[in-house]
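My request is simple: use the sequences and hints to build the entire structure.
Taken in sequence, the protein lines are chains A and B.
Read left to right, the first sequence gives residues 17 to 456 (the working numbering).
Read left to right, the second sequence gives residues 17 to 456 (the working numbering).
Errors might be hidden in some of the hints.
Cross-link-like lysine to any residue pairs, in silico, SDA-like; alpha carbons within 25 angstroms at most [to be verified]:
{"id": "1", "chain 1": "A", "residue 1": "Lys345", "chain 2": "A", "residue 2": "Arg87"}
{"id": "2", "chain 1": "B", "residue 1": "Lys345", "chain 2": "A", "residue 2": "Arg102"}
{"id": "3", "chain 1": "A", "residue 1": "Lys345", "chain 2": "A", "residue 2": "Arg360"}
{"id": "4", "chain 1": "B", "residue 1": "Lys345", "chain 2": "A", "residue 2": "Gln106"}
{"id": "5", "chain 1": "A", "residue 1": "Lys345", "chain 2": "A", "residue 2": "Arg93"}
{"id": "6", "chain 1": "A", "residue 1": "Lys345", "chain 2": "A", "residue 2": "Pro132"}
{"id": "7", "chain 1": "A", "residue 1": "Lys345", "chain 2": "B", "residue 2": "Gln106"}
{"id": "8", "chain 1": "A", "residue 1": "Lys345", "chain 2": "A", "residue 2": "Arg120"}
{"id": "9", "chain 1": "B", "residue 1": "Lys345", "chain 2": "B", "residue 2": "Arg84"}
Simulated from the structure, these hints should not be mistaken for laboratory data.
Number of protein chains: 2
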Amino acid sequence: MTATPPPETGPVELDVAGLHTSLRDPALESMNFLNEIAGRYPDAVSFAPGRPYEGFFEVEQVHTYLRRYERYLADERRLPPDEVRRALFQYGRTKGIVHEVVARCLEVDEGIHADPEALVLTVGCQEAMYLVLRALRADARDAVLAVAPAYVGLVGAARLVDMEVLPVASAPNGVDLDDLTAALSRARRAGLRPRACYLVPDFSNPTGVSLDLPTRRALLELAAREGLLLLEDNPYGVFDATGERLPTLKSLDTTGQVVYLGSFAKTGFPGARLGFAVADQRVRTADGRTGLFADELSKVKSMVTVNTPALSQAVIAGKLLEHGYSLEKANRREIEVYRDNLRRMLDGLARRFPAGSRPRVAWNTPGGGFFLVVTVPFRGDDALLEHSAREHGVLWTPMRHFYEGESAADRIRLSFSQVTPEQIELGLDRLAALIREQAG
Amino acid sequence: MTATPPPETGPVELDVAGLHTSLRDPALESMNFLNEIAGRYPDAVSFAPGRPYEGFFEVEQVHTYLRRYERYLADERRLPPDEVRRALFQYGRTKGIVHEVVARCLEVDEGIHADPEALVLTVGCQEAMYLVLRALRADARDAVLAVAPAYVGLVGAARLVDMEVLPVASAPNGVDLDDLTAALSRARRAGLRPRACYLVPDFSNPTGVSLDLPTRRALLELAAREGLLLLEDNPYGVFDATGERLPTLKSLDTTGQVVYLGSFAKTGFPGARLGFAVADQRVRTADGRTGLFADELSKVKSMVTVNTPALSQAVIAGKLLEHGYSLEKANRREIEVYRDNLRRMLDGLARRFPAGSRPRVAWNTPGGGFFLVVTVPFRGDDALLEHSAREHGVLWTPMRHFYEGESAADRIRLSFSQVTPEQIELGLDRLAALIREQAG
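As structure tokens, this is what we get:
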């Protein structure tokens, strides 16, 4: 059971059986599989990746946003030139350097009044999830609940810290609160400590479903009653198609139940890899003082990535500054694209599978975001995805990647964020051909 | 023992006793303490931080390097404009996008012939250390050896994965190989599996000491014989002051014992937060296939940071392209600054504490890098550092931050990378005043 074979027998060979269990976990394989498959079928129409629309990307924007942030440091923050240089080039504050800009953005777009000191800027929202789970997982009894189907990144981060993920049923209004209560009781009876519940309240990945307002309030009350943290992940909230955005959990939170997880991957751009956590919970330290949960996350971060690249922070802050601290304004054109695409998807599905027709195909109707879910009369698994890509030229995501078990065999996720209107029509034609072939 | 106090009693308050043990560990406190103290005494001369020289930073370089990489993608890699945009803006390959450029640099500067597929670009070398330790730590028996005194970031990463760090004694030639053999035996008798040994062979942080060539060869032989991986961390190798660089362990490695950990924090700039691992070890996977250790690290990375910011990779690659893939060329001026500073430090110490004089003060003579170690006739601890900053206006680093125990109470680390000649003279005057006061 040593890491390496006996000596003097040639090059080192490791055995995956001797490495951390996460490396044999389907959650980690999933992410890789989903990341790579698009590359293997470059000519297929892809409803697979949760990537933002590329049509408005321009390389020059990076330079523009960077210069905007430089001017902000020099003119608004009154930093002398050597301090501007230092901010961009040197090691920086572990919790980040653009916390005030991001806090202002949260106020403008989300009605969240966050103490900038309670923010931790991270390398994507993924690092924020990792930091929170690492801090909360003290021993094998600590578990995290997650509204299922859950984003695979949450499950993967939990695997890295050997933390059990307990599924909570979703519902048409977002989350089944009775099931959440039941899951908490079950966990506690089993000797577990449910530390937090993870969910995407707005246009969830993978289902596109949102929590309605009464459910948001009821969930917050339940969390306060049960002493449960809520991990609110909100990458898609800005991409509302209804014109009536609902308040985030964090903006309704009066007891500090919510750790808010933010991402600029869809609203800024993915290549910046910028995310953050708002962690304003108070923490009693060993010497009896009180600190912020953000400062505990910062300690973990100092041993994972030291600090978030200043360049990434500068470019995204520049984008926010250019648009009056508002991601809604910065994404005006993108919001329209996603809204149009959602309508085209729903109309296109309705035209190809009219009510009462065969094969029987159903889908949900999200109020925004990047995703919807289609239920098909057969198994929508990885093998079928390969067949679909090869024979029909269309990519999608098997829902089983978002479940622990097998319960979603007949559902597939369609992403409509990175496709043109022409690709939507062509892709839906191809998908319909696949469905007729499989159901036939 | 729940995460939160009983409900309906007001805002959430967590107790650090219920969070992960790493948050109560001195290693994590150290990093924060060392990161913050410079900020508390802005007017002190600082021999504390391991930061690169700032004199040649220019904001315009970021734009220049970024454009250089854009041209490389368009002209040398022949990517059409939409793919150049995609490379900079979208999600990218988990192992990184500039692997070929970095592999070429390793060949030019280090004589390391690395398969680009065996590289994983990371958010600083810290993430690379974390990925390696996370992958290698399967259960409580897995331990990592580290040549002591060791970089605090290695210890911190080990804490996050609950991995024991076993110290190996250093020696004037870098590492005490007899102690390494003894540590291996002791660990195995205790039922532990020593998976790897971490060291900085060139101009180590914190001691400045390097392994001589015979020790490099003997260490590689010992590692092959014992089936031990070597984690070679090389942030300072380029900053040689002798004119005779020694070969890296990786360039001498014929059996795949070495996982090479690279950093562009000192040779590029810290704000890019770019590092990498070369992990060309073969791994037997569960289905009997053989992969690269780099691909296992990539799976872990997909759940920590998803991928390394494209911007950071682009800017550092641009810097490499501008200088013929050579960090030595790119750092020609910096190498001279550090060499001059090292000479000034050694001369300045010798002038202030001539041979045979009192108080008795000793120091080592590194062949390059950022650091040297001074032995003083009293305790050089955090309390004295506060006093030194407040009363004498000079900062340095207590060596006890790099030890598990108390054995280095009389030694302090002096960094000479971020100071001017004037600051060196002033700082050494102030240090001499402190030493005379404490010894008096």
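Against the earlier hints, flag every one the structure doesn't satisfy and list their numbers going up.
none
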